[in-house]
Amino acid sequence: MNALRLLETALTPLAIIVSLLALLIAPWWAAAVAMAALVGWMGLTRSGRQAASVTRVGVATIAQRLGSSSVVVVGIAGVVSVLVALLAMATGFEASLRQTGTDDTAIVLRAGSQTENNSVVDHGAAQIVSQAPQVLKNPQGQPVASAELVVVASLPKRSNGLDSNVELRGIEPAAWDLHRNVRFVDGRKFQPGLRELIAGKGAREQFKGLDVGSTLKLNGQLWTVVGIFDAGDSHDSEIWGDTAVVGSTYRRGSSTNSVTVRLTDAGSFDAFKASLATDPRLQVDVMTTRDYYTRQSEALSREIRVLGTTVAAIMAIGAVFGALNTMYAAISARAREIATLRAIGFRGAPVICSVLLETMLLALLGGALGATLTWAIFDNYTASTLGQNFSQVVFSFQVTPSLLWSGLKWALAIGLTGGLFPALRAARMPVTAGLRDA
Amino acid sequence: MKYLHLIWGALFRRKTRTVFTLLSVLAAFLLFGLLDSVRSAFSAASDNVAGADRLITISKISLTLPLPKSLLERIQAVPGVADASYANWFGGIYQDAKNFFPSEAVADNFLDLHPEWQLSADQRKAFHDTRSGAIVGASLAEKFHWKVGDKIPLQAMIFPQKNGSNTWTFDLVGIYHIDDPNLRAQENSFFFNWSYFDEARQFGNGNVGWYVVKVADPDRTDRVVAAIDALSADSDHETKTETEQAFTAALVGQFADIGLIVGAIMGAVFFTLVLLTGNTMAQAVRERIPELAVLKTLGFTHRSVLALVLGESVLLLLLGGAAGLMVASVVVGAVRTALPPLGPTAPMLPVGASIWIQGIVLMLIVGLVVGALPAIRGMRLRIVDALSGR
Numbered sequence: 001m002n003a004l005r006l007l008e009t010a011l012t013p014l015a016i017i018v019s020l021l022a023l024l025i026a027p028w029w030a031a032a033v034a035m036a037a038l039v040g041w042m043g044l045t046r047s048g049r050q051a052a053s054v055t056r057v058g059v060a061t062i063a064q065r066l067g068s069s070s071v072v073v074v075g076i077a078g079v080v081s082v083l084v085a086l087l088a089m090a091t092g093f094e095a096s097l098r099q100t101g102t103d104d105t106a107i108v109l110r111a112g113s114q115t116e117n118n119s120v121v122d123h124g125a126a127q128i129v130s131q132a133p134q135v136l137k138n139p140q141g142q143p144v145a146s147a148e149l150v151v152v153a154s155l156p157k158r159s160n161g162l163d164s165n166v167e168l169r170g171i172e173p174a175a176w177d178l179h180r181n182v183r184f185v186d187g188r189k190f191q192p193g194l195r196e197l198i199a200g201k202g203a204r205e206q207f208k209g210l211d212v213g214s215t216l217k218l219n220g221q222l223w224t225v226v227g228i229f230d231a232g233d234s235h236d237s238e239i240w241g242d243t244a245v246v247g248s249t250y251r252r253g254s255s256t257n258s259v260t261v262r263l264t265d266a267g268s269f270d271a272f273k274a275s276l277a278t279d280p281r282l283q284v285d286v287m288t289t290r291d292y293y294t295r296q297s298e299a300l301s302r303e304i305r306v307l308g309t310t311v312a313a314i315m316a317i318g319a320v321f322g323a324l325n326t327m328y329a330a331i332s333a334r335a336r337e338i339a340t341l342r343a344i345g346f347r348g349a350p351v352i353c354s355v356l357l358e359t360m361l362l363a364l365l366g367g368a369l370g371a372t373l374t375w376a377i378f379d380n381y382t383a384s385t386l387g388q389n390f391s392q393v394v395f396s397f398q399v400t401p402s403l404l405w406s407g408l409k410w411a412l413a414i415g416l417t418g419g420l421f422p423a424l425r426a427a428r429m430p431v432t433a434g435l436r437d438a
Numbered sequence: 439m440k441y442l443h444l445i446w447g448a449l450f451r452r453k454t455r456t457v458f459t460l461l462s463v464l465a466a467f468l469l470f471g472l473l474d475s476v477r478s479a480f481s482a483a484s485d486n487v488a489g490a491d492r493l494i495t496i497s498k499i500s501l502t503l504p505l506p507k508s509l510l511e512r513i514q515a516v517p518g519v520a521d522a523s524y525a526n527w528f529g530g531i532y533q534d535a536k537n538f539f540p541s542e543a544v545a546d547n548f549l550d551l552h553p554e555w556q557l558s559a560d561q562r563k564a565f566h567d568t569r570s571g572a573i574v575g576a577s578l579a580e581k582f583h584w585k586v587g588d589k590i591p592l593q594a595m596i597f598p599q600k601n602g603s604n605t606w607t608f609d610l611v612g613i614y615h616i617d618d619p620n621l622r623a624q625e626n627s628f629f630f631n632w633s634y635f636d637e638a639r640q641f642g643n644g645n646v647g648w649y650v651v652k653v654a655d656p657d658r659t660d661r662v663v664a665a666i667d668a669l670s671a672d673s674d675h676e677t678k679t680e681t682e683q684a685f686t687a688a689l690v691g692q693f694a695d696i697g698l699i700v701g702a703i704m705g706a707v708f709f710t711l712v713l714l715t716g717n718t719m720a721q722a723v724r725e726r727i728p729e730l731a732v733l734k735t736l737g738f739t740h741r742s743v744l745a746l747v748l749g750e751s752v753l754l755l756l757l758g759g760a761a762g763l764m765v766a767s768v769v770v771g772a773v774r775t776a777l778p779p780l781g782p783t784a785p786m787l788p789v790g791a792s793i794w795i796q797g798i799v800l801m802l803i804v805g806l807v808v809g810a811l812p813a814i815r816g817m818r819l820r821i822v823d824a825l826s827g828r
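Chains as they are written, first to last, in the working numbering: chain A, 1 to 438; chain B, 439 to 828.
No lab work stands behind these hints: they were computed from the structure. Note that the Cβ used here is the ideal one computed from N, Cα and C, for glycine as well. Keep in mind that the hints are not guaranteed to be accurate.
[What the hints assert, rightly or not] Pairwise CB distance ranges (calculated):
id, chain 1, residue 1, chain 2, residue 2, range
1, A, Pro13, B, Leu811, 34 to 42 Å
2, B, Gly447, A, Gln64, 46 to 54 Å
3, A, Arg428, B, Val732, 43 to 51 Å
4, A, Asn181, B, Gly701, 47 to 55 Å
[Claimed, not checked] Heads up, simulated SDA-like pairs for lysine to any residue below, C-alpha to C-alpha not over 25 Å straight-line:
id, chain 1, residue 1, chain 2, residue 2
5, B, Lys563, B, Lys589
6, B, Lys453, A, Ala427
7, A, Lys217, B, Lys453
8, B, Lys734, B, Ser826
9, A, Lys157, B, Gly691
10, B, Lys536, B, Lys498
11, B, Lys536, A, Asp291
Generate coordinates for the entire structure from the input sequences, incorporating the hints supplied.
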């Protein structure tokens with residue numbers, strides 16, 4: 001008997017941890033299967049019907065314990081909303097950068113430079129790159145290659161009026177064929193050779209003075225904003241002008257920071273990379289733009305995820321104890337009722353089940369509340385941070401269905417842990433003591 | 439104070455419930471300690487006292503544009519300037535891009551302007567005499583097990599050498615220390631001689647990244663700032679000068695509004711906490727109504743019953759909160775030794791006096807708020823009703 005007790009105390013925490021982990025990684029269909037099994041059990045078996053009726057009584061009396069039940073709901077809503085908000089931030093940042101790249105466009109940087117900001121590609125090298133056979137030709141027979149220049153300009157932010165960095169990108173005409181998703185919200189394209197600029201939608205929202213028709217002074221020269229574009233990716237944080245004009249304003253000569261090309265198809269990337277690597281005139285790194293931009297988001301989104309999960313885990317511990325308190329109070333308030341049920345022949349399993357179900361129902365309510373609040377407040381919430389090119393990257397939070405689902409799973413996990421011990425106590429309570437207690 | 443045992447007894451009347459509530463409070467204050475340590479690390483980067491008399495002069499157009507070195511003598515000649523020096527961002531990578539640390543080429547007198555970086559006199563001389571010499575902070579040296587005499591190769595991200603090579607090899611000649619724990623993050627930098635850098639780099643020669651200016655009298659900073667910026671007004675390299683504090687604060691602020699994020703999370707945490715402990719206190723008082731009536735019968739005044747209940751909730755918060763902050767300081771200590779700070783701003787500061795003070799104030803406030811309703815209920819009890827269970 002003692003050995004059995006020992007085994008039980010050792011196995012219970014293990015079983016809890018295993019089932020929590022299973023719950024946290026479970027896909028939605030597993031939940032659906034579990035739900036169906038539960039409903040089946042309740043409808044078809046004797047003990048299931050008992051559990052259902054006890055649960056009904058428990059749920060019906062929640063209204064009498066509104067104050068303490070709301071502790072479970074609000075506690076869990078807090079955990080879920082912090083978790084989902086921070087994960088939505090990481091997801092949004094990642095998505096904004098990942099969408100920026102594609103598999104059939106490639107970016108060429110000077111060897112070892114990692115970011116465009118650090119890279120220099122001179123005019124000769126840019127020409128050699130654009131002549132590679134894998135580069136797509138447009139109907140006029142010109143290679144679709146844009147030698148681009150990246151300059152960090154500083155402009156006052158709308159939010160606080162302080163100067164922040166914004167990326168000014170010089171592009172060549174071929175860029176319109178590289179960024180095919182760019183559409184104009186307002187105004188028109190800039191004219192090559194003129195000091196005209198177009199601003200991304202995100203940049204206009206974050207910085208002052210980027211509306212169509214306004215002029216701004218960059219490096220002592222006046223530029224006119226002639227259009228606002230929406231690329232649906234991280235280019236929205238940038239301002240674009242003509243490479244040659246930007247280069248002369250910032251005295252960059254004919255050298256640029258990078259060359260972006262459209263390949264004939266995604267499969268020709270390896271051949272393109274190999275042909276540049278073996279060319280003795282070039283010392284460059286080549287990657288698909290998808291790789292290049294995805295890599296830029298890795299570090300930051302990982303940090304935000306770690307932060308979000310840590311904070312939520314600590315809050316979850318607090319919420320578990322809150323739920324434990326509430327449920328212990330609930331079963332001690334119902335002690336006489338539970339003892340009566342046991343006395344007239346109800347078994348332990350339905351009692352355990354009903355307490356667990358009641359807690360998880362409260363938890364689910366809390367999870368849904370937290371997830372809905374976060375979705376309502378933060379979905380598409382726009383924020384910006386300092387990106388790898390030393391300028392602001394504008395992105396929006398993305399509260400995706402999968403994040404909502406993982407928020408609900410956290411809620412259920414907290415409910416399960418917080419309900420389990422009170423449920424076991426309810427089932428083990430000696431009937432006589434329960435009946436005697438006030 | 440003589441009622442402490444009474445309060446204590448009331449608090450632990452229901453052990454399980456009190457322990458669970460204490461653990462929730464602990465979790466909330468653990469989170470408070472951790473997040474505030476992160477927040478204060480970011481704000482400490484900007485209110486660094488050591489740099490109160492230092493200015494930073496950068497290109498007005500953009501931080502990344504260089505300035506001509508010829509500006510140095512003109513800045514030094516500005517009245518009110520005690521000394522000026524310059525540096526250039528290098529951005530080298532040691533072995534792998536994940537090992538990132540700041541690396542800068544600095545002028546000969548750069549260390550004179552930063553007395554908080556302590557370097558022994560002979561290492562200082564060796565740095566001056568060795569063309570390819572480099573000095574690093576103690577934290578960085580410890581991280582990579584570097585010692586004086588090592589040759590350290592860095593991969594240049596921006597500046598290749600004249601011979602086209604991206605690899606620069608430096609001789610480690612000194613290791614500097616910083617005593618102030620709040621500035622320890624700066625022990626993570628790599629410095630080498632600007633003259634060697636300028637001679638060997640492929641492009642940009644004769645330019646510097648930024649100037650550091652020490653003002654003779656911090657009260658006259660405004661005039662010095664204006665005079666320095668006037669030097670290059672209307673030229674093709676206009677400058678922007680600001681105090682080192684303002685410069686760092688602006689840079690940190692560009693990453694994210696750390697204060698806002700931390701504030702929002704803490705808001706959610708404390709809202710939940712108030713509700714949770716409030717519920718516990720309400721339960722505790724409801725159960726004890728007959729006992730409180732007995733106390734009143736014995737002659738306890740309304741006010742002392744109020745004080746007893748408030749004392750109980752404050753004690754609950756203080757016990758849980760202090761435990762939480764203690765756990766937080768252990769965790770922060772462990773994180774700080776496990777991961778040396780990776781950038782110019784350390785992610786976490788030790789849980790110091792200011793966090794404790796803020797924490798204790800929070801515990802008192804939450805304790806009073808949470809205890810208020812149950813305490814008032816206890817105070818208003820009528821003995822007859824309470825004893826007869828009405």
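Consistency of the hints with the structure:
Roughly 37 Å separates the CB atoms of Pro13 of chain A and Leu811 of chain B, a value that falls within the hinted 34 to 42 Å. Against the hinted window of 46 to 54 Å, the Cβ-Cβ separation of Gly447 of chain B and Gln64 of chain A comes to about 30 Å, which falls outside the hint. Checked against the hint of 43 to 51 Å, the pair Arg428 of chain A and Val732 of chain B fails, with Cβ atoms roughly 33 Å apart. Distance hint for Asn181 of chain A and Gly701 of chain B: a CB-CB separation of about 37 Å, inconsistent with the stated range 47 to 55 Å.
Under the criterion of a C-alpha separation no larger than 25 Å, the hint pairing Lys563 of chain B with Lys589 of chain B is consistent with the structure, at around 18 Å. As the CA atoms of Lys453 of chain B and Ala427 of chain A are separated by approximately 21 Å, the hinted pair is consistent with the 25 Å bound. This hinted pair does not check out: Lys217 of chain A and Lys453 of chain B have alpha carbons roughly 70 Å apart, beyond 25 Å. Straight-line distance between C-alpha atoms of Lys734 of chain B and Ser826 of chain B comes to about 14 Å, which keeps the hinted pair within the 25 Å bound.
In summary, the hint linking Lys157 of chain A to Gly691 of chain B is supported, as the alpha carbons are separated by about 12 Å, within the 25 Å threshold. For the hint linking Lys536 of chain B to Lys498 of chain B, the alpha-carbon distance of about 31 Å lies beyond 25 Å, and the restraint is violated. A C-alpha spacing of about 17 Å is found between Lys536 of chain B and Asp291 of chain A, which places the hinted pair at or below 25 Å, so the restraint holds.
When the structure is compared with the earlier hints, violations turn up for hints 2, 3, 4, 7 and 10 and for no others.
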